[in-house]
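Participant: So the sequences go chain by chain: A and B.
Position one of the first sequence corresponds to residue 1 (this note's numbering), numbered consecutively onward.
Position one of the second sequence corresponds to residue 1 (this note's numbering), numbered consecutively onward.
Possibly wrong hints are sitting among the right ones.
Simulated coverage check for chain B against chain A, where a stretch passes if three residues somewhere in it have a Cβ under 8 Å from a Cβ of chain A [what the hints assert, rightly or not]: (1) 147 to 161; (2) 219 to 231; (3) 285 to 291.
If you want the ones that stay clear, here's a sample from chain A, every Cβ over 12 Å from chain B, calculated [what the hints assert, rightly or not]: (4) P6; (5) E31; (6) P52; (7) A61; (8) E75.
Since the hints were derived computationally from the structure, they do not count as laboratory data.
Every residue, glycine too, gets a C-beta built ideally from N, C-alpha and C.
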Amino acid sequence: MRSKEPRLVISFHTTAEAMATERLCRQNGLEGKLISVPRSITSDCGLAWSAPVALREAIEALLVRHAVEAAGYHELLL
Amino acid sequence: MKEKNWLKSYGLIILTGIVVGIAALVLTAVGNPKNMGFCIACFERDIAGALGLHSAGKVQYMRPEIIGIVLGSMVAALAAKEFRARAGSSPAIRFVLGLFVMIGALVFLGCPLRMVIRLGGGDLTAVIGLLGFLAGILVGVVFLKKGFSLGRAYSVRKSEGFMLPGVMVVLLVLLVAAPQLLKFSEEGPGSMRAFWIISLVAGLVVGLLAQRSRLCMAGGLRDAFMLRDFTLLSGFLAIWITITIGNLIMGKYNLGMLSQPIAHTQHLWSFLGMALAGWGSILLGGCPLRQLILAGEGNGDSAVTVLGMVVGAAIAHNFGMAGNPDSVVDGVYKVGGTSTVGMVAVVLGFVVLAAISVTHLPGKENA
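Work out the full structure, taking the sequences as your base and the hints as a guide.
Facilitator: Pasting the structure below:
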C-alpha cells in the first residue's frame with residue numbers, strides 16, 4: 001500500500017482555474033495532478049491541483065504570472 | 001491502516017448513501033409515491049403547485065423534505081463553521097440553467113436522485129435516463145476541460161446566505177400554521193405523502209449528511225470521468241444498492257420496463273431529458289440535490305438556481321412539457337411521455353446550454 005506523503009494542494013474558486021493550472025504546469029514540466037478538492041479544505045466539491053511541496057514557489061510564481069487566482073495553498077498528507 | 005484510510009475516504013459518503021436509501025424506502029412505505037421516496041425535481045414541482053405557480057391538480061403539495069434538506073444543510077454548515085454567504089457567479093445564467101435542468105428532469109419524470117431510486121425499484125426505463133445523464137455529463141466535462149466557467153463567487157453579507165433557508169422556514173410555517181393558503185392535491189402523486197414531521201426529519205437528516213459528505217450525483221460522475229476518483233460516485237452506488245435490497249426484502253422490486261410507477265417508455269425523450277439535466281448540472285457544478293445543499297451553506301447563486309428550478313417546474317406543467325406516466329386505459333397499455341411542446345423545450349434547452357457553454361470559454365469574456 002502507498003504510504004501518505006506531504007503534498008501541496010492548491011484550491012481554486014472555479015474549475016476553470018484548476019484546468020488552467022493543469023495546462024500551465026504541463027507546459028512548464030511541473031509535476032502534479034488534478035484531484036477532487038479534499039474535504040478537509042472545503043465543503044465545496046470542485047477540483048484542486050496536487051503537487052510535490054517542493055514545487056510551491058515555482059507554481060505560485062507561474063500562476064501569478066498568468067493571472068490564475070488560487071483560493072488557497074495547503075500542505076496535506078495525501 | 002489500509003482499512004482506516006478506506007473508511008476515512010469512503011465511510012461518510014457510503015453512510016450518507018445508505019441513509020438516503022433507507023429514508024427513501026421509509027418515506028415510500030409511509031405514504032410517498034412509489035419509487036419517489038425522494039425526488040428533488042418532483043418535490044420542487046409539488047411546491048410550485050402548492051404555491052399556485054402551476055395548476056396541475058395532481059402535483060401540488062408543500063413537500064417538507066425539500067425544506068428539511070436546506071435547513072439540515074444549513075445546521076450542519078453552521079455547526080462546522082462552514083456557512084459562508086457567497087454570490088455573484090452569473091446568477092441570471094444559473095437561473096436559466098436551473099430552469100432547463102428542471103424541464104429535462106420532468107420530461108424524464110425525476111431528478112438524478114429519483115433516477116437512482118427508480119433503478120433500485122427495478123425500473124429499467126431509468127437505465128435509459130441514466131445513459132442520457134451520463135451523455136449529458138460527458139458533454140459538460142468536455143466544456144469543463146476546455147475551461148468553461150461561470151466565474152467565481154464572492155463573499156457577501158450573511159443575510160444573502162440565509163435568504164433561501166429563511167424562505168424555507170416561511171414555507172414550513174405556511175404548511176403547519178396556514179395550510180388554507182396552499183394548494184393540496186386530492187389525487188395523483190401530490191396526494192401521496194408521508195406525515196409532514198416524518199418528511200421533515202428525513203429531509204433534515206439527508207441535508208445534514210449530504211452537507212458533510214458532499215453527496216452529488218453529477219459531481220460523482222464528473223470525478224469518475226475526469227479524475228478516476230470514485231469517492232462521490234460511491235454514495236450514488238450506496239443509494240442504488242440500499243434501495244434495491246430494501247425493495248427486494250419488502251417484495252416491491254419489480255424488474256422491467258412496463259407499468260413502472262410514475263415512469264414512461266418514451267425512451268428517446270427520457271434519454272434526452274436526462275442528457276439536458278446532466279449537462280446543465282455539470283455547468284452548474286452540481287445536481288439538483290447539491291444545489292439545495294449549497295443554498296443551505298449560504299450560496300446565493302445556488303439559491304437562485306433553486307428558484308430557477310421551481311419556475312422551470314411551473315413552466316413545464318403550465319405548458320404541458322412534463323412527461324406523463326404510462327397507464328392502462330380500459331385494459332389497453334397507453335404509452336405516456338412528453339408532448340410536442342416538451343420536445344421543443346428540450347431541444348431549445350440544448351441550444352441554450354450550447355450557447356452558454358460556448359460563450360463561457362476562455363477568451364469569450366466579452367460574449
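Participant: Confirm or reject each hint.
Facilitator: Hint check:
A stretch counts as covered by a chain when three or more of its residues have a beta carbon under 8 Å from one of that chain; for the segment 147 to 161 of chain B and chain A the count is 7, and the coverage holds. Interface restraint, the segment 219 to 231 of chain B with chain A: holds (6 residues with C-beta to C-beta distance below 8 Å; minimum three). Given a C-beta distance limit of less than 8 Å, the hint that chain A covers the segment 285 to 291 of chain B holds, as 3 residues qualify and 3 suffice. The beta carbon of A:P6 is kept farther than 12 Å from every beta carbon of chain B, the shortest such distance being approximately 16 Å.
In this structure A:E31 is separated from chain B by more than 12 Å, as the shortest Cβ-Cβ distance comes to about 16 Å. Every C-beta of chain B lies more than 12 Å from that of A:P52, the closest at about 18 Å, which supports listing it as non-interface. Under the 12 Å C-beta cut-off, the non-interface status given to A:A61 relative to chain B holds; the minimum distance is some 21 Å. The claim that A:E75 lies off the interface holds: its Cβ sits roughly 18 Å from the closest Cβ of chain B, which is beyond the 12 Å cut-off.
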